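Chains as they are written, first to last, in UniProt numbering: chain F, 1 to 435; chain C, 1 to 435; chain A, 1 to 435; chain X, 1 to 435.
Wrong hints could be hidden among the right ones.
Derived DSS-like pairs: lysine-lysine, alpha-carbon spacing no greater than 27 Å straight-line [unchecked claim]:
| id | chain 1 | residue 1 | chain 2 | residue 2 |
| --- | --- | --- | --- | --- |
| 1 | X | Lys367 | A | Lys42 |
| 2 | A | Lys42 | X | Lys405 |
| 3 | X | Lys135 | X | Lys336 |
| 4 | X | Lys336 | F | Lys336 |
Examples of chain C residues lying across from chain X (beta carbon under 8 Å, computed) [said to hold, decoys possible]:
| id | residue |
| --- | --- |
| 5 | Ala81 |
| 6 | Arg129 |
| 7 | His144 |
| 8 | His147 |
| 9 | Arg244 |
| 10 | Gln247 |
| 11 | Thr249 |
| 12 | Val251 |
| 13 | Lys271 |
| 14 | Arg272 |
| 15 | Pro274 |
| 16 | Glu278 |
| 17 | Asn347 |
| 18 | Leu348 |
Note that these hints are calculated values from the structure, not bench results. Every value quoted in this text rests on a predicted model; they were computed, and no experiment measured them. Quick reminder that beta carbons are idealized off the backbone N, C-alpha and C, glycines included.
Number of protein chains: 4
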Amino acid sequence: MVPRYSRPEMVALWSPETKYRIWFEIEAHATSALAELGIVPKEAAAIVWEKGAAATFDVARIDAIERETKHDVIAFLTHLAEIVGPEARFVHQGMTSSDVLDTTLAVQLARASDILLADLDALLAALERRAHEHKLTPTIGRSHGIHAEPTTFGVKLAQAHAEFARCRARLVAARAEIATCAISGAVGTFANIDPRVEEYVAQRMGLSPEPVSTQVIPRDRHAMFFATLAVIASSIERLATEIRHLQRTEVLEAEEFFSEGQKGSSAMPHKRNPVLTENLTGLARMVRAYCVPAMENVALWHERDISHSSVERMIGPDATITLDFALARLTGVVDKLLIYPERMQANLDRLGGLIHSQRVLLALTQKGVSREDAYRLVQRNAMPVWRGEGDFLTLLKADAEVSAKLDATELESLFDLGYHFKHVDTIFRRVFGEG
Amino acid sequence: MVPRYSRPEMVALWSPETKYRIWFEIEAHATSALAELGIVPKEAAAIVWEKGAAATFDVARIDAIERETKHDVIAFLTHLAEIVGPEARFVHQGMTSSDVLDTTLAVQLARASDILLADLDALLAALERRAHEHKLTPTIGRSHGIHAEPTTFGVKLAQAHAEFARCRARLVAARAEIATCAISGAVGTFANIDPRVEEYVAQRMGLSPEPVSTQVIPRDRHAMFFATLAVIASSIERLATEIRHLQRTEVLEAEEFFSEGQKGSSAMPHKRNPVLTENLTGLARMVRAYCVPAMENVALWHERDISHSSVERMIGPDATITLDFALARLTGVVDKLLIYPERMQANLDRLGGLIHSQRVLLALTQKGVSREDAYRLVQRNAMPVWRGEGDFLTLLKADAEVSAKLDATELESLFDLGYHFKHVDTIFRRVFGEG
Amino acid sequence: MVPRYSRPEMVALWSPETKYRIWFEIEAHATSALAELGIVPKEAAAIVWEKGAAATFDVARIDAIERETKHDVIAFLTHLAEIVGPEARFVHQGMTSSDVLDTTLAVQLARASDILLADLDALLAALERRAHEHKLTPTIGRSHGIHAEPTTFGVKLAQAHAEFARCRARLVAARAEIATCAISGAVGTFANIDPRVEEYVAQRMGLSPEPVSTQVIPRDRHAMFFATLAVIASSIERLATEIRHLQRTEVLEAEEFFSEGQKGSSAMPHKRNPVLTENLTGLARMVRAYCVPAMENVALWHERDISHSSVERMIGPDATITLDFALARLTGVVDKLLIYPERMQANLDRLGGLIHSQRVLLALTQKGVSREDAYRLVQRNAMPVWRGEGDFLTLLKADAEVSAKLDATELESLFDLGYHFKHVDTIFRRVFGEG
Amino acid sequence: MVPRYSRPEMVALWSPETKYRIWFEIEAHATSALAELGIVPKEAAAIVWEKGAAATFDVARIDAIERETKHDVIAFLTHLAEIVGPEARFVHQGMTSSDVLDTTLAVQLARASDILLADLDALLAALERRAHEHKLTPTIGRSHGIHAEPTTFGVKLAQAHAEFARCRARLVAARAEIATCAISGAVGTFANIDPRVEEYVAQRMGLSPEPVSTQVIPRDRHAMFFATLAVIASSIERLATEIRHLQRTEVLEAEEFFSEGQKGSSAMPHKRNPVLTENLTGLARMVRAYCVPAMENVALWHERDISHSSVERMIGPDATITLDFALARLTGVVDKLLIYPERMQANLDRLGGLIHSQRVLLALTQKGVSREDAYRLVQRNAMPVWRGEGDFLTLLKADAEVSAKLDATELESLFDLGYHFKHVDTIFRRVFGEG
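Kindly produce the complete structure, drawing on both the sequences and the hints.
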């Protein structure tokens, strides 16, 4: 976790304070469940709740105990006993440490998902607003970095919206994957604890009971979760890369917002660099990388080993904090993006009309020219334009074989931009629904 | 693709013959749609279907044309024109190569998913059968590779069943992700083709229309698909690793089936090695690795670049063929796994009763001993047993502080295996439903 | 392995024929060594060499035997016995299968390295030639995709040369890593074979003896090898990305060679796309991905498990074949790259002189202006130019505060390109040595 | 960076204080070089050194300035000017931010390498000591987790020593890769700074001049560095996995040291878990994962983009801190490992002599039995032993076909452990040199 790439709400979720508060809630709910089942005294559960809810857990004190016992949950329970008093002996009955640890991780990842879902909602809103703003702003569509045919800047943003809407749906599914509760004892047999305790705690903590746990919640769930974050990061990289391209000196169709006090370079004061989207490109690499160890964590030995733990202590915070930051940063970039329609038009006009070659090709075939011949006719007029030797429309008009099939008026109509935008409404309806 | 790790049905899906057949179907359906819209003659569409359906596409011929044109779709269309005749000029009207290529990949990945889903069904069936067979076969549960508490072999297999049932659900979702159709033209604006053509073809090919394509179907879909395969591979690795552990000389609770003619080692004829599950461990690494380039493919430049193509030519077949093979191999391993209940019992008995220490601990606290004291009492009797100096039950009976709280009968009842299995029905009900 | 991304020499290296030939050589050399030590009859070794050298190993026959024995080396030895006759019983004495398999892999990877080193030499030669050709061709240097200061196209290529020269040195080191021989028996103790056999075979096969093998050569060596290929692939991606950028419509400073018959797009005949370098970008992703399973292969269990084998059957050929193809393709691209100096000059001139802002800044500070003030002066003249409102030199001359420090002549001299190229000789000397 | 997996010396290397101190040294050395070249006054350089060396850089103050300027190097230079006074204007002359940043990263990675090399030396020393201690302690060698032939525990550790000695050599090479200095200006042309400044600073900072930088040091160097760390991590995983296996309940040939106050489990007080080596397994996954984004960083755009920066802010500290911690932890584990020779002997004896089957096979073939027949004879006596029905030596003696070739004395001699250890001296000499 690098502070400059972090936001406070997500950081707080991974603090020791939050963790111990969740531990307490799980232990206290389990004690309540045991009390309901008549296994521990109801008064004991009440005292645990009363004293625990009022207490602030002393992180330094717990650390000190852990240094001695080398066991974090025992350290916490010892501290809890200091707070609660003798009734503390009814806490953690029949449970094992992983019941607490794994359920806590589930709570943290579910809450992290909620923050990320809100991030995605904000991003989607920004994309939708800017897409409508530029629904019909003409811009050149590029394949292979080469001018292809016209599209609109709104369609570009609609594409990004559709992509992040998919990311949102994936994250909802990933959240459901990891939002499970395990209170099943040392190897998951419920030998010392009634399955109803697990159901009780799950319900109170907003989780589902894990169908079969084996001391731990199975790690294929977490692998799927982090893989989903990795895919979202890849979509961030895509939009960031698009903006970086658009901000190139030679293209300059859009720019990241540039505030007054900001200096682009210590050496070149005129420079306005797409540093935010470059940064997002790097952050995406990190979030993507975290999915590999998450997948390697799946094959724990037998009912569990603890190799996953150090991985998750790192990627739990690192992946969610970084992705939260990246989504928020990207939303800011989209929201304030400087968009230059006149530059888009200038670039559109740069190729002397060559971008309409496909239409000409089609029109020729519709006039009965074979595809092979039409291709040849178009290409022989396109190549001089490509070399800067003339304008495509003029050359076509002057080509006898072409003009035998398409008269001047027909040819001119093929150079109309509106032709390309007639289905933008359809696309917008698909992405944003009616309206 | 390594032949020894391949099965014919999946290999055939990725053959040039299959590919060209799908290309033809897409082109022909598109021509039909254009005919319905009155853009091309209905007779032309009929002839395309008639001649194309009857034809065998000549892969060598198409390759020869491609060597000249350096463009695969043009090569195919040229060959199609040789088959269809002059009506071929109505084929591919307003389409771009990627309309064909990307939709074809969608069809192939959807069909690959169907094969993989059938593989998973077979694996789930094998797991369910063996789980019920050993529902109450006692075996030691292990955490950290160390004996923990008893469980049953059926519960182990139920866990695997639950995990692969999740994998199945994920694959269904992943299939939906990639089963989309794009017939949207050079930059996805439908400039030269009516969106109804896309809807028509999608419906005929069993796909959904892609809401916004940009010459290509967006690659976040494919990233999610291959990430899902990678998670499934990780679950394969988990079960394979479990079996490898169980087959260790010192454990030997289960073995891969060993046929008569098979030789374990050129040097050590007594050896029976878990070579299938070791092989699966390696194959899982490969399928997992393929998700990284799939994620790197997402950030294509602008409306598309073609960097994804070489990646997909490799991982499309490699990931699906390898996973298909691995699932089938794992199913065979599970189906024929040699399971040794008497060895499981012998291992259970190995620790002189120490595996019941948690129950003793709990019983002591229920008798009013503080958790700290109970822990101390259990540990001081456990340590000699661990060193091989006596039997846990005997030592506990002889410990005055313990026997003051728990008499001999009570202690003996704490060593009953049935205690651990009382909720196996619950677990099975969660995994397999009623029954 | 995808045929279109393969070259025959490297493919042949991974054929069964080559593999069995190497197996034979290792077995035969080992038999010779045993004969020298007086363990087997010298005549037996002679007959093995004589009959084996003359024979063609029948791949189909070996496959058939393997289907029965499920063991590849036993299958080969059985077939060898069919060829050699009764003396075959002196072959493989005291050896284990992995002695043959691992040493063979070492030979294959060493030979693959030799091919790759030759590929790198060809690439370095092409880069050196083109670098000298354009040693002083002015072009704009770009950071963040934004114009920075002038450089030369030769310096760009010199950088690539220096990078691939490092790659070459790394590959030499990686080759040494994997070029080791293990003939050490079932767990590496030489129980049944004299270490001198290993030394003998190593020397004959051009390898070093592995200091400690444990049935297998340790896989950290292979991990390092494939990691090195992955880094080389990343450098390929860098140069490919550079060329893709240069070929963009708006930049167009260089283009991949475009042959006459080639069609850029089925739809847009004017398009000339950087498809080779886009392809290289994708291939680089694949070679990079293969290093992860190679690293996961390191932690084999105890003296060995066989999980690495399926991985290496895939990545051994796939990584080396793909990298060989990619290096050769990149060499072709560099060799025939169309370079447009006049476009480079036009782009250099595009920013109205802003690229000289750093020099102006420096000159002002050298005249005693504080860095802060100089920055402010430069920036206030740069911003209008950036907005297309004037020429930088003209504005600076008209700025009273600037002209108080730098007169017109001084200002003009700051806009001289030669100023930037005065150390190109130094850079070339560092990269190419004297000249 | 997770505090519990961190050691102070490496953490301090990545602190802002250390970073700004290195920045200062680079800037001050560059100023000295400029003074030597007569470009800035010698007195100015002297004052910079004098005031800067005495100062403590105020991290909070620099942060505050950066919040305004959004540029870290400008923020530092502004703060430096506050300390140094007017002579500060001679600092950073002709340099660009990356000159400072990249050279600083080189210094940090070189120093990190020195710490890691010392870690490796400590690990190698521990391995050497324990290897000699158990040079002739018999233990079973295992392939596929199955008993193979005897080896010694010292040979196991010698293998690990040889592997980490290779890791050390790789790290020395990786350190040389990244220990370069770039002071070459905005696009690496030395337009505004003499190459001799770079040479001067490089020499003073213990680095080599970068042959061609392009504002940045090329990232293939860093990719190779982090790939090397990833390979070292994989070797850590291998040794950690070995120890985890040895500590399994059924094997129990070695254990991590277990201190008095430590509790293995909150629920099962008898448990002694290999938690340190499991932890190392997880940490290895993380260090390995960091190499993928490092490789993705190579393909920066043109002369540089800044996408690598966020990656390196994370993996620079994370990879080196984690690997430092892991190496030190592993050294502690090896140093204090509890080794149980009597358990190793008991496991050796477990298979009723089957581990000698290879020797029997060999002896039969040396008596003239064909390999096929010998295999059959050995296997038919091995199988009953494997099923627990008898002792291998007894059965062989009773087998008429066997005893016709090998008499009782000969058979007994084949069961001698010393036979397997006769080349241990050779192995140790290869690994540890004379002794």
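Now for the hints, and whether the structure bears them out:
no.: 1; hint: X/Lys367 with A/Lys42; in the structure: 17 Å, holds
no.: 2; hint: A/Lys42 with X/Lys405; in the structure: 24 Å, holds
no.: 3; hint: X/Lys135 with X/Lys336; in the structure: 17 Å, holds
no.: 4; hint: X/Lys336 with F/Lys336; in the structure: 59 Å, violated
no.: 5; hint: Ala81; in the structure: 41 Å, violated
no.: 6; hint: Arg129; in the structure: 26 Å, violated
no.: 7; hint: His144; in the structure: 4 Å, holds
no.: 8; hint: His147; in the structure: 4 Å, holds
no.: 9; hint: Arg244; in the structure: 6 Å, holds
no.: 10; hint: Gln247; in the structure: 6 Å, holds
no.: 11; hint: Thr249; in the structure: 5 Å, holds
no.: 12; hint: Val251; in the structure: 5 Å, holds
no.: 13; hint: Lys271; in the structure: 5 Å, holds
no.: 14; hint: Arg272; in the structure: 7 Å, holds
no.: 15; hint: Pro274; in the structure: 6 Å, holds
no.: 16; hint: Glu278; in the structure: 6 Å, holds
no.: 17; hint: Asn347; in the structure: 6 Å, holds
no.: 18; hint: Leu348; in the structure: 11 Å, violated
Against the hints set out earlier in the document, violations occur for numbers 4, 5, 6, 18.
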